[in-house]
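Enquirer: Now for the letters of each chain:
Number of protein chains: 4
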Amino acid sequence: MSKGRLEAFSDGVIAIIITIMVLEMKVPHGDRLEELVPLIPTFLSYVLSFVYVGIYWNNHHHLLHTCKVVTGIMLWANLHLLFWLSLFPFATGWMGENHFAAAPTALYGAVLMMAAIAYALLEHTIIRAQGQDSILKQSVGRDWKAKVSVLLYLLAVIAALRWSWIADAAFVTAALLWLIPDRRIEKRLGQLNET
Amino acid sequence: MSKGRLEAFSDGVIAIIITIMVLEMKVPHGDRLEELVPLIPTFLSYVLSFVYVGIYWNNHHHLLHTCKVVTGIMLWANLHLLFWLSLFPFATGWMGENHFAAAPTALYGAVLMMAAIAYALLEHTIIRAQGQDSILKQSVGRDWKAKVSVLLYLLAVIAALRWSWIADAAFVTAALLWLIPDRRIEKRLGQLNET
Amino acid sequence: MSKGRLEAFSDGVIAIIITIMVLEMKVPHGDRLEELVPLIPTFLSYVLSFVYVGIYWNNHHHLLHTCKVVTGIMLWANLHLLFWLSLFPFATGWMGENHFAAAPTALYGAVLMMAAIAYALLEHTIIRAQGQDSILKQSVGRDWKAKVSVLLYLLAVIAALRWSWIADAAFVTAALLWLIPDRRIEKRLGQLNET
Amino acid sequence: MSKGRLEAFSDGVIAIIITIMVLEMKVPHGDRLEELVPLIPTFLSYVLSFVYVGIYWNNHHHLLHTCKVVTGIMLWANLHLLFWLSLFPFATGWMGENHFAAAPTALYGAVLMMAAIAYALLEHTIIRAQGQDSILKQSVGRDWKAKVSVLLYLLAVIAALRWSWIADAAFVTAALLWLIPDRRIEKRLGQLNET
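Protein chains in written order, with my numbering: chain A, 71 to 265; chain B, 71 to 265; chain C, 71 to 265; chain D, 71 to 265.
Any given hint could be a false lead.
One copy or two, either will do: identical chains are not told apart, so a pair holds if it fits within one copy or between any two.
Stated by the list, open to error - DSSO-like mimics (lysine-lysine), calculated; alpha carbons at most 27 Å apart, straight line:
#1 Lys73 to Lys96
#2 Lys138 to Lys73
#3 Lys138 to Lys215
#4 Lys96 to Lys207
#5 Lys138 to Lys96
#6 Lys96 to Lys215
#7 Lys217 to Lys138
#8 Lys217 to Lys207
Don't read these hints as lab results, they were simulated from the structure.
Using the sequences and the hints, build the whole thing.
Expert: In structure tokens form, the structure reads like this:
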């Protein structure tokens, strides 16, 4: 199995996911600016999901970058990740349409959590295939970010049914964790991990 | 005709098919968790079809891997396969929305069967083009899996109108056939085939 | 401008066009086989358009195969072709939903005709860029097929409003022209062209 | 980060955007030619957006052409551009459906303006990464086109609420600016820029 085709297929699926999410933002029938107001939550949930899919695409590239051979298990671990990502448009649409209500927010958190777990599984599969001197293992260390993210999503799922703003804060925090000054933090924490 | 562009185009079509299937899972209007209950059959049919499309993508890659030159007939055999795969979203949506009722289940089986036949035709076309020492021929043998799958789908189509659970069992069995411990079984059966 | 990216982009657009056409075949609400009957014309129009898009994809590859440098004008000639191809889902859906009625059939013919003209323009642009010894020019000759097709579509547009079966026959004839035993006919006609 | 995958992903997203815009042109229910009349504004807005997305795809290629290494910031600047482009189908659909009414036209202008700003940011990011002798910097100069476009879109947003034809004229002017005789104008202006 060549890496090129796995990347091309994943890129295709991720490109479609990121683009069809916008279809949940239905064109309003009236022609006044006020018609856009009820769409604001849908728009915000779209922005959030766009950033998340962007993060996944970015990280996915790094994962595969260190990878030379693609095994059958990797392929299915990758499809498993794409499966949960493919539920983003549904979860995003439901959350946006219902103005971040309890149940849709919890579902959104659950989908994010499953995607994060699928990502960790894919990472684990690649590391195992690379063996002892895995370059990926060396560069991600214990991958505290991935673990903290899963915990944040779990927190979000539980909190959503009661205080949905906690869930929203967890979503934004986890996204920022992946977006903000990567190198320095990661380097330092990488050193901590190694000691 | 370069193989690269055939692969890229097929990847594109398969990536879109796998992703637009999720659009059949319409966002519910209410905001309570219970709203998701009627979507469960749609979700299950989506999971099944996602796995099937994943299997086809995987196998499609193996088919083309051994292939160096792409002839005009191969190209149309490939488009023929993509045609039947493109009906998956329709068949999946109809089956899911109607909770695995008789006729939609039969149609789903028929589409799976046609895709399996189209796949066998593509395989045959490539083997013929490769001639006597076809590497593909050597690695798939008589391809009992492909044949058993077609029979299972045929069984499903017939059974669906009476006992749709038999059809569902056939779908899952055929999927597992392609998913589970490939190497050992295939090697042994490959040896049987050669004797 | 590298040819690779032009091909990749065109493949992407064509892959999406061929796949979203199937979305015009709406999942019926009931669960009986009879529900599929009113979809038959939509299905037939889908099959026809699938074959046409397949032909365009195939020919598009041959066009670019001989091409080394991509100029700015080629790029826009290519986007012009993609524009008319992007109207296929709309024209197909309208024709299918209205059971091949007069006006939708005429529109379908008009879109086919515009796509054929756009294709001829792209071919012309590439030939001009290649200059005197254009390989493309040598292999397509005067491209009688392209010219006959445009005439067939024109005939279809005119006939559609009166006898829509003539239009349908013209669509099928033009498709067969591109599908059936290419080499021998083309070789012979190529010789005729050269004399 | 390899440039290839960034290009492939961007191509995928842009190919999907350009194609799903056509889905806003809903198939009419009747079968007479007159049914197409109310779709004319939607069609015109589709043509305009198709040209714009084509221009962006074209320019995007030129931007990345000079680029060898892809940094993390470039990647996010690129996703930021894709984000605004992904709103084209929504803005196009709203403007078309409401026959170029004031508010939808203003929104369309705002989305175009944000995309133009995102494009300028991406250009700036690449130039900064390339350092002093940036080839991109040398070829775009002060990029007067990009600046004039942003001003035209800003004008369109303001004018739209009063005289929406001014906005429409601004959209067409900015598109022509990018389409028409590039080389000579650019060369001359390039010389002016350098003096």
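Enquirer: With reference to the structure, classify each hint as holding or not holding.
Expert: So, going through the hints one by one against the coordinates:
1. Taking the closest pair of Cα atoms, Lys73 and Lys96 never come within 27 Å of each other, the shortest separation being 37 Å inside a single copy and 34 Å across copies.
2. Within a single copy, Lys138 and Lys73 get their C-alpha atoms as close as 7 Å, and across copies as close as 18 Å, so both meet the 27 Å cut-off.
3. For the homomeric pair Lys138 and Lys215, the shortest alpha-carbon distance inside one copy (24 Å) is at most 27 Å, but the shortest distance between copies (29 Å) is not.
4. Taking CA atoms no more than 27 Å apart as the test, Lys96 paired with Lys207 passes in neither setting, with 43 Å inside one copy and 40 Å between copies.
5. Taking the shortest alpha-carbon separations for Lys138 and Lys96, neither the intra-copy value of 43 Å nor the inter-copy value of 39 Å comes in at or below 27 Å.
6. Taking the shortest alpha-carbon separations for Lys96 and Lys215, neither the intra-copy value of 35 Å nor the inter-copy value of 33 Å comes in at or below 27 Å.
7. In this assembly of identical chains, Lys217 and Lys138 lie within 27 Å of each other by CA distance solely inside one copy; the values are 25 Å within and 34 Å between copies.
8. In this homomeric assembly, Lys217 and Lys207 come within 27 Å of each other (Cα to Cα) only inside a single copy, at 15 Å, whereas the closest approach across copies is 42 Å.
Of the numbered hints stated above, those contradicted by the structure are hints 1, 4, 5 and 6, listed in ascending order.
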